[in-house]
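Generate coordinates for the entire structure from the input sequences, incorporating the hints supplied.
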Amino acid sequence: MRAFLRKWGVSYLFALPYLVLFFVFTVIPVLIAIALSFTSYNMLQPPVWVGWDNYVKLLFGDDVFLIAIKNTFLFAAITGPISYFLCLILAWFINELKPAMRTFFTLLFYAPSISGNVFMIWTVLFSGDAYGWINGLLLRWGIIYEPVRWLTNPDTLLWVTMIVTLWMSLGTSFLAFIAGLQGIDESLYEAGAIDGVRNRWQELWYITLPAMRPQLLFGAIMSITSSFAAGKNIVALVGFPSTDYAGHTVITHLMDYGNIRFEMGYATAIATLLFLTMMATQQLVQHLLRKIG
Amino acid sequence: MALPIYRKRVTRSSGGDFASLVMLLGLGAFMALPMVYVISSAFKPLNELFLFPPRFFVKNPTLDNFKDLAILMSESWVPFSRYLLNTLIITIFGTAGHVLLASLCAFAICKHRFPGSRVIFNLIVMSLMFAPEVTAVPNYLTISWLGWVDTYWAIIIPSWASSLGLFLMKQFMEQMVPDSLLEAARIDGANEWQVFWRVAMPTVRPAWLTLIILSFQSLWGNTGSTFIYSENLKTLPHALNQIVSGGIARAGVGAAVALMMMIVPVTVFIINQRNVVQTMGTSGIKE
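Those sequence lines, one after another, are chains Z and H.
So in the working numbering, spot 293 of the first sequence is number 293, and the numbers just go up one at a time.
So in the working numbering, spot 218 of the second sequence is number 218, and the numbers just go up one at a time.
Rather than coming from a laboratory, the hints here were simulated on the basis of the structure.
Ideal Cβ positions, reconstructed from N, Cα and C, are used throughout, including at glycine.
A couple of the hints might just be wrong.
[What the hints assert, rightly or not] When the alpha-carbon atoms are kept at most 35 Å apart in a straight line, the in silico DSBU-like pairs for lysine-lysine are as follows: (1) Z:K70 x Z:K291; (2) H:K286 x Z:K70; (3) H:K67 x Z:K232; (4) Z:K57 x Z:K70; (5) Z:K7 x Z:K232; (6) H:K286 x Z:K7; (7) Z:K232 x H:K286; (8) Z:K291 x H:K67; (9) Z:K232 x Z:K70; (10) H:K286 x Z:K98; (11) Z:K232 x Z:K57.
[Unchecked claim] Just a few of them, taken from the derived set where beta-carbon distance is under 7 Å, the chain Z residues facing chain H: (12) F14; (13) F93; (14) M101; (15) V118; (16) I178; (17) N199; (18) Q215; (19) L254; (20) F262; (21) M264; (22) T281; (23) Q283; (24) H287.
[Stated by the list, open to error] Stretches of chain Z that chain H covers, calculated by requiring three or more beta carbons in the stretch to come under 8 Å of a beta carbon on chain H: (25) 30-36; (26) 52-60; (27) 68-80.
Take a look at the structure:
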């Protein structure tokens, strides 16, 4: 024991402060959430064990949750892949530019994701009256004859939130892809050209993508997390609850039960299901990424 | 013929270069338009804000919106400088603590490889997938149990343990700090803290600048809504949101606020762009 401490004591001392906080605020909360999901708990009385009741009620007795699942999957299935490929394609195009232009375009595409509340400007652009910029434009061009209430009409509001989400989705993965592309050895391309790579698409598939597979995996994790975790920004754009629950996602359902109704057992059951879904999706994507090149 | 802004390669056709340039410019316009609209609206006088049909660019720029904002700020019950101070305290302490703790831990994980470090790192990679909302309920319980509700600590301490920062730092250190460099310092008689602080940290400057940016951005925009109840502890974004929530009458002031909130993180990124991109280059996950 003493020899072990002499050898590793400093290492554990270095790692400890972070790890204590990491366990207290991330690992243990996940375990608590899983445990609480089998109870009924309102934060005033001690939790009462209810077995699978929360899950049964969620999946078979909660119509609003079914809407939330449908919206979340629709939202994730559209914004996740589109944003991922947008990050990749744009990073790829940008990488071909000369350095000054590259810096300019990187900033242009990355800026929305770090601009905080600026996305709320979309509520002005998509405003439901004729003063809304998009309504004004469409009215002038004669495409529509009366203003569309973009953010309150259940047929349009989820799509508007998807557009806004895509607009601000070129974040960490985008930078990771740009950096990954810059790190690829130029001689690989020269060798490829000699070996018969004819056009940019072959080069992308056979050389570029396999060389940046680690970044692709990192980017995938970031994209999956953000596309399944949509909720806060949707509420900011269309309010809560949205018309006919058309913008209701698993996260907004979770916030409803956790922050408003204080049914913590039920809320953590929602969180646990969401977490399992994200893990499963990540496994699937990792499997797909192995097939590149 | 190569387009003047493109680097030329054998496998590139001019038609393809042209098509990708068109796509870049098209998507670039889509990205830029809302930003341009915010900037131009912030300088619009009242009569231009409510024109029909709406006009995109400002015609007679004024500073009226910024003056209105200043008046609203001076009228607020808690002095505005207090909100700014709160945000600065949270941002500075949160960022400094995060960079230090995450770097120390990353150093121990990738340069000492202590028993258990692999398992811990895999846990951290897995936690990149946790939406913060998943742990929101238990975190609230923990923080109220610690008695941190309605204090700065409720925001600062959890931000120290962000897993993305540790992940990026560990990846960068592992690939960019040669073990031989650390070994040489040890032979010269440096203790582990000196090896970490004097040798490793200066070498990974791009990585900690990146951690600063990421942490700064999330704390600068933090509204502190769940944990902070006292008005004099609330943050700048919270106060600015209150002003904007005044509705359509505050459209101009709202744009001025958005512009001010946007300028800070964007400027910080512009200054550090090269370091961030270099750090992200090592972010890949090997299977």
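Hint check:
1. Only pairs whose Cα atoms come within 35 Å are accepted, and K70 of chain Z paired with K291 of chain Z is accepted, the gap being roughly 29 Å.
2. With a C-alpha separation of about 33 Å, the suggested pair K286 of chain H and K70 of chain Z falls inside the 35 Å cut-off, and the hint holds.
3. For the given pair, K67 of chain H sits about 31 Å from K232 of chain Z by alpha-carbon distance, which is consistent with the 35 Å threshold.
4. Distance hint between K57 of chain Z and K70 of chain Z is fulfilled; the C-alpha atoms sit about 17 Å from each other, no more than 35 Å.
5. For the hint pairing K7 of chain Z with K232 of chain Z, the CA-to-CA distance comes to about 47 Å; that exceeds 35 Å, so the pair is violated.
6. With a CA separation close to 28 Å, the supplied pair K286 of chain H and K7 of chain Z stays within the 35 Å bound.
7. For the hint linking K232 of chain Z to K286 of chain H, the alpha-carbon distance of about 32 Å falls within 35 Å, and the restraint holds.
8. For the proposed pair K291 of chain Z and K67 of chain H, the alpha carbon gap of about 58 Å is over 35 Å, so the pair is violated.
9. A threshold of 35 Å between alpha carbons decides the hint, and for K232 of chain Z with K70 of chain Z the separation of about 17 Å falls inside it, so the pair holds.
10. A threshold of 35 Å between alpha carbons decides the hint, and for K286 of chain H with K98 of chain Z the separation of about 30 Å falls inside it, so the pair holds.
11. Distance check on the hinted pair: K232 of chain Z and K57 of chain Z sit about 25 Å apart at the alpha-carbon level, within 35 Å; holds.
12. A cut of 7 Å between beta carbons decides the hint on F14 of chain Z: the least distance to chain H is about 4 Å, and the hint holds.
13. Interface hint at F93 of chain Z: satisfied, since its Cβ lies 5 Å from the closest Cβ of chain H, which is below the 7 Å cut-off.
14. About 5 Å separates the beta-carbon of M101 of chain Z from the nearest beta-carbon of chain H, less than 7 Å, and the hint is met.
15. At about 5 Å, the closest approach between the beta carbon of V118 of chain Z and any beta carbon in chain H falls short of 7 Å, and the interface hint on this residue holds.
16. Of the supplied interface hints, the one on I178 of chain Z holds, with its beta-carbon coming within about 6 Å of a beta-carbon of chain H, less than 7 Å.
17. Checking N199 of chain Z against chain H by beta carbon gives a least distance of about 6 Å; that is within 7 Å, so the hint holds.
18. About 4 Å separates the beta-carbon of Q215 of chain Z from the nearest beta-carbon of chain H, less than 7 Å, and the hint is met.
19. Proximity of L254 of chain Z to chain H holds as hinted, the smallest CB-CB distance being about 6 Å (cut-off 7 Å).
20. The beta carbon of F262 of chain Z comes no nearer than 10 Å to any beta carbon in chain H, farther than 7 Å, and the hint placing it at the interface is violated.
21. Taking 7 Å as the C-beta contact cut-off toward chain H, the hint placing M264 of chain Z at the interface holds, the least distance being around 5 Å.
22. Violation of the interface hint for T281 of chain Z is found here, the shortest Cβ-Cβ separation to chain H being roughly 9 Å, above the 7 Å cut-off.
23. The beta carbon of Q283 of chain Z comes no nearer than 11 Å to any beta carbon in chain H, farther than 7 Å, and the hint placing it at the interface is violated.
24. A cut of 7 Å between beta carbons decides the hint on H287 of chain Z: the least distance to chain H is about 10 Å, and the hint is violated.
25. Residues of the stretch 30-36 of chain Z with a Cβ under 8 Å from some Cβ of chain H number 4, which satisfies the need for three, so the listed coverage holds.
26. Under the rule that three or more residues need a Cβ within less than 8 Å of chain H, the assignment of the stretch 52-60 of chain Z is violated, with 0 such residues.
27. Interface restraint, the stretch 68-80 of chain Z with chain H: violated (0 residues with C-beta to C-beta distance below 8 Å; minimum three).
Hint compliance for this structure: hints 5, 8, 20, 22, 23, 24, 26 and 27 are not met, and every other hint is.
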